[in-house]
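S.K.: Using the sequences and the accompanying hints, generate a full structural model.
Protein chains in written order, with UniProt numbering: chain A, 1 to 311; chain B, 1 to 205.
It is worth saying that the hints were derived from the structure and are not from the lab.
Among the hints, erroneous ones may be present.
Quick list of in silico lysine-lysine cross-link-like pairs, BS3-like style, CA-CA up to 30 Å [to be verified]:
(1) 294/A - 94/B
(2) 94/B - 170/B
(3) 94/B - 18/B
(4) 238/A - 227/A
(5) 227/A - 294/A
(6) 18/B - 294/A
Just so it is clear, the structure is predicted and the values come from calculations on it, not from any experiment.
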Amino acid sequence: MEPRILGLHHVTAIAGNAQRNHKFYTKVLGLRFLKKTVNFDDPGTYHFYFGDETGSAGTILTFFPWEHITTGRRGIGQATEIGYSVPAGSFDFWMQRFEQHGVTYNKPSEKFGERYLTFLDPDGLKLELIESKTADSRTPWTTADVGADVATKGFHTVTLTLASIQPTAEILTDVFGYTLLEQHVNRYRYATDTVQGAAYIDLVEVPGEARSVTAGGSVHHIAFRVKDDEAELYFRNKLLEKGLQPTPQIDRDYFHSVYFREPGGVLFEIATENPGFTVDEPLAELGTHLMLPKQHERLRARLETSLPPIG
Amino acid sequence: MHQEPLRTAGQPLATATKALILLHGRGGSPADILSLARHVHVPEFALLAPQATQNTWYPNSFLAPPAQNEPWLSDALAAVGRAVAEAEAAGISKENIYFLGFSQGACLTLEYVARHATRYGGVVAFTGGLIGDHLDAARYAGDFAGTPIFIGTSDPDFHVPVERVRASTKLLTGLGGAVTERIYPHMGHTISQEEIDVANSLIFK
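M.R.: Right under this line is the structure:
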């Protein structure tokens, strides 16, 4: 059987202050802190991973926190909204919580027959909580404050803002096997039937909008999920046949990656499920140690004192 | 940012014994910098030219605090790292990997090699210096083990202050580089024939 794209794998965004970022996602939003590592390309800064208990694909939000980074701007050629699936009836809890913690949010609204609540993280990254109208049986990570009746279950939709949706839509349909599910005005919802959660990509067409600036509070790239290396190389070949120029496979320690820039300007990644986050820490201890890739292990003593403490 | 395709020219990577990684300047392209390769003595080299997204490796001056150039700067360094990895995957060892950059590409060249100092074939920086609002020695590690490095620059240069070039030379020398620094009075922000000649005699001999 031909390999399939299994929805989203992770989303990577850019933050400013590391401690503030960590506190928001673990304490306010109630995600599990999965991995404390460093930016492989700039080991003087962190790379944080947040998600469910095991770091299931489709739940993973990752950040590069760069203190004093300039603020980005949402616009063309960018993933502009990250939507989490939450249980129906949880918005009152969340709005109260956002009030308590000084989080900027909008009143609930509706798209494609689903209620959603928009809010901003401390760096201005735009997120949504969405009451999915289809079943979402994924088990959420819960905390003392955020119980299973309200907790996020992982991604629902990521929205891309584009000058023209056509070239991007073709990648989703012709290469990734997504289909157009619904359209409302300039918003087009594409879906894959291979997974229950993290199955949607919304394309929003706004030809007159300014180009995005990727910096603090914006998404760096979105990653699609495949089962294994074989599936990844299958899609890499399909991209080459389509005239796109994907990178070679890159080892990211917790998954293997191929990157390419889709024609609408958004950086896409394909990421494998293997080997996962327990490759260097036991499940119970995920996120508790500073994990360094082997090429940076020699820097450990220095990094342990220079990286800001988190917790 | 810079997950753009690597442009190649010269000898095929599979059969070449040496590789030259060329880094274009702000607003430049792999084609520009590859055209420069015709003037240096590299007939037996595989030529690898990474491309910056929207032709810019990072948005602000190289003298800005590094965080203000993120995430572009880290991604740009990663793009250079991927070119190195590609050459190594083809069996070319680091002693046979060379670097050449102009302006923003020269800054990126020096920053990359200083963060990963080891014995390379050679390094040519046409008008550039190490990156940051100040030079933090803790950022750099390794030992160039005598790698020949050439930095050519103009005095004055509108973008690259001579003091930063001198400070970079000092730091690179401290990491074991055999640095040749040439400061050309009123040359302008360009590459001169004289610089090409020096690069050929010192690095591509």
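S.K.: State for each hint whether it applies.
M.R.: Results of checking the hints against the structure:
1. 294/A - 94/B: holds (19 Å)
2. 94/B - 170/B: Within the cut-off at roughly 23 Å; holds.
3. 94/B - 18/B: With Cα atoms ~9 Å apart, residue 94/B and residue 18/B stay inside 30 Å; holds.
4. 238/A - 227/A: Given that 30 Å is the threshold and the Cα spacing comes to 16 Å, the pair holds.
5. 227/A - 294/A: Distance of about 25 Å is within 30 Å: holds.
6. 18/B - 294/A: holds (27 Å)
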